[in-house]
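There are 4 protein chains.
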Amino acid sequence: MEDFERRIRDSFARQGMMNTLGAKLTAVSSGATEISFSSSPSLTQQHGFVHAGAVTTILDSACGYAALTVAPQGLEVLTVEFKVNFLSPAVGERFVARAQVKRAGKVLSVCTADVFLLHSGGEKLVATMLATVMNVPLTG
Amino acid sequence: MEDFERRIRDSFARQGMMNTLGAKLTAVSSGATEISFSSSPSLTQQHGFVHAGAVTTILDSACGYAALTVAPQGLEVLTVEFKVNFLSPAVGERFVARAQVKRAGKVLSVCTADVFLLHSGGEKLVATMLATVMNVPLTG
Amino acid sequence: MEDFERRIRDSFARQGMMNTLGAKLTAVSSGATEISFSSSPSLTQQHGFVHAGAVTTILDSACGYAALTVAPQGLEVLTVEFKVNFLSPAVGERFVARAQVKRAGKVLSVCTADVFLLHSGGEKLVATMLATVMNVPLTG
Amino acid sequence: MEDFERRIRDSFARQGMMNTLGAKLTAVSSGATEISFSSSPSLTQQHGFVHAGAVTTILDSACGYAALTVAPQGLEVLTVEFKVNFLSPAVGERFVARAQVKRAGKVLSVCTADVFLLHSGGEKLVATMLATVMNVPLTG
Numbered sequence: 001m002e003d004f005e006r007r008i009r010d011s012f013a014r015q016g017m018m019n020t021l022g023a024k025l026t027a028v029s030s031g032a033t034e035i036s037f038s039s040s041p042s043l044t045q046q047h048g049f050v051h052a053g054a055v056t057t058i059l060d061s062a063c064g065y066a067a068l069t070v071a072p073q074g075l076e077v078l079t080v081e082f083k084v085n086f087l088s089p090a091v092g093e094r095f096v097a098r099a100q101v102k103r104a105g106k107v108l109s110v111c112t113a114d115v116f117l118l119h120s121g122g123e124k125l126v127a128t129m130l131a132t133v134m135n136v137p138l139t140g
Numbered sequence: 001m002e003d004f005e006r007r008i009r010d011s012f013a014r015q016g017m018m019n020t021l022g023a024k025l026t027a028v029s030s031g032a033t034e035i036s037f038s039s040s041p042s043l044t045q046q047h048g049f050v051h052a053g054a055v056t057t058i059l060d061s062a063c064g065y066a067a068l069t070v071a072p073q074g075l076e077v078l079t080v081e082f083k084v085n086f087l088s089p090a091v092g093e094r095f096v097a098r099a100q101v102k103r104a105g106k107v108l109s110v111c112t113a114d115v116f117l118l119h120s121g122g123e124k125l126v127a128t129m130l131a132t133v134m135n136v137p138l139t140g
Numbered sequence: 001m002e003d004f005e006r007r008i009r010d011s012f013a014r015q016g017m018m019n020t021l022g023a024k025l026t027a028v029s030s031g032a033t034e035i036s037f038s039s040s041p042s043l044t045q046q047h048g049f050v051h052a053g054a055v056t057t058i059l060d061s062a063c064g065y066a067a068l069t070v071a072p073q074g075l076e077v078l079t080v081e082f083k084v085n086f087l088s089p090a091v092g093e094r095f096v097a098r099a100q101v102k103r104a105g106k107v108l109s110v111c112t113a114d115v116f117l118l119h120s121g122g123e124k125l126v127a128t129m130l131a132t133v134m135n136v137p138l139t140g
Numbered sequence: 001m002e003d004f005e006r007r008i009r010d011s012f013a014r015q016g017m018m019n020t021l022g023a024k025l026t027a028v029s030s031g032a033t034e035i036s037f038s039s040s041p042s043l044t045q046q047h048g049f050v051h052a053g054a055v056t057t058i059l060d061s062a063c064g065y066a067a068l069t070v071a072p073q074g075l076e077v078l079t080v081e082f083k084v085n086f087l088s089p090a091v092g093e094r095f096v097a098r099a100q101v102k103r104a105g106k107v108l109s110v111c112t113a114d115v116f117l118l119h120s121g122g123e124k125l126v127a128t129m130l131a132t133v134m135n136v137p138l139t140g
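Here the protein sequences come in this chain order: A, B, C and D.
For the first sequence, the numbering used here assigns the number 1 to the initial residue and increments by one for each residue that follows.
For the second sequence, the numbering used here assigns the number 1 to the initial residue and increments by one for each residue that follows.
For the third sequence, the numbering used here assigns the number 1 to the initial residue and increments by one for each residue that follows.
For the fourth sequence, the numbering used here assigns the number 1 to the initial residue and increments by one for each residue that follows.
If chains are identical, the list can't say which one is meant, so a pair holds when it fits in one copy or spans any two.
Derived lysine-lysine pairs resembling DSS-like cross-links, with alpha carbons at most 25 Å apart:
#1 102 with 124
#2 24 with 124
#3 124 with 106
Since the hints were made in silico from the structure, they are not lab data.
With the hints as constraints, model all of the structure from the sequences given.
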């Protein structure tokens, strides 16, 4: 396991929110991550779809960790901002978010991520994120 | 209680995700809503702050319901897209999100929302959303 | 020439703003467009770079026309909203914007577009857009 | 005239793009700016409305200069990213953009800005921006 992968798996395990969402970090490589999760009644909005906010939370973690794989040694990442477009209702059982770094900077990185619904016939695009992440020193 | 308030309170109560976040709908008026929530270990990211995604989830519900108060009779709302800027880490106990409709259209509405940390000295701005919401017929 | 290409080239020619920017529609295909432009003192911001707004204007037209290639017969497109990230200063001579439709819907389409600086060694990413475009009937 | 106002008026005068758009800096105060402009055939899109990109360019300059009024001494500003929602077609004669800093940070500032159509009966909201601006040292 690469150093950055261990670092990211440790960090992911400390996220109460990822546990609440039942999310799993299913892949990490330099500049990219993949997080998988399942639908659950605890994650729904009023029509029974997975809440746009739950989808966004997974996308945000996927982008942040993708940025962290390429952040300068000793720095952490914080989300500056993101935009998400919702392309089809998050109706289904299993979903996967895939993030990649579009540009890694000294201070700021820009990442994109997509969430797909997994079904028997393949994958369907549910949402897409464009995010700005900042490298910051964090202590404690 | 106004008709739209009853409709929105019923809808809010059906959101598994709002229950998971411990969020309460603390105010509803025509074109505006307020949702309150508290920090919890189940909502944290890796540094112990409330996850940007949890903050976003509350903002999204606040915007969606603000749009719903002014949606044409018989229509529901779906989030088309949003952008969120994170202005200070979500560190603290109690938070409140306040949303308002900036423009209500027949098909699309545009809403803004802010999340504030409540502390003894007042309020601190944590994050701000600009969102596009679509009026849609939904059955079932 | 395909029908949609003729339609888009006619529309592009009617854009006073594209003429003001010296922009050329250099490629059109189903779901994608390419617009090229050059730096000029009339397009600069205060440091002599091409203004972020000029870059955005090209990206917006590229996305709008990409959406128009796949819009239902007889409908026009209007930009609902977009987000742009600026990844490196627009310093150089020649630039190209490439847009593609990420999802084409009956009412709304979502497009992405990138602007690249063209230089002797290849291309450098300058900015990226994520846009929502609406299909609308327009008369007159 | 305050120091920051002189600095911003000098900078504005160096923007070729503001001249191309016929834009005037009509107000500057600490944390806020106002830029006015008029419709012109040179700024139109294919339906004769002012191009969304022209509107965005004005909004971007208004936000950048609002951020510059509160930037640390000796630093310049660059746009990191922005989102714009278009609320009604930019059809009319005179427009005004008003920007204000929502949060001024050491490295990043967040600004909002609106563009209004001015008409005999008052003002109509045309577009709204939420922007992230970075303080940077710039030489030369």
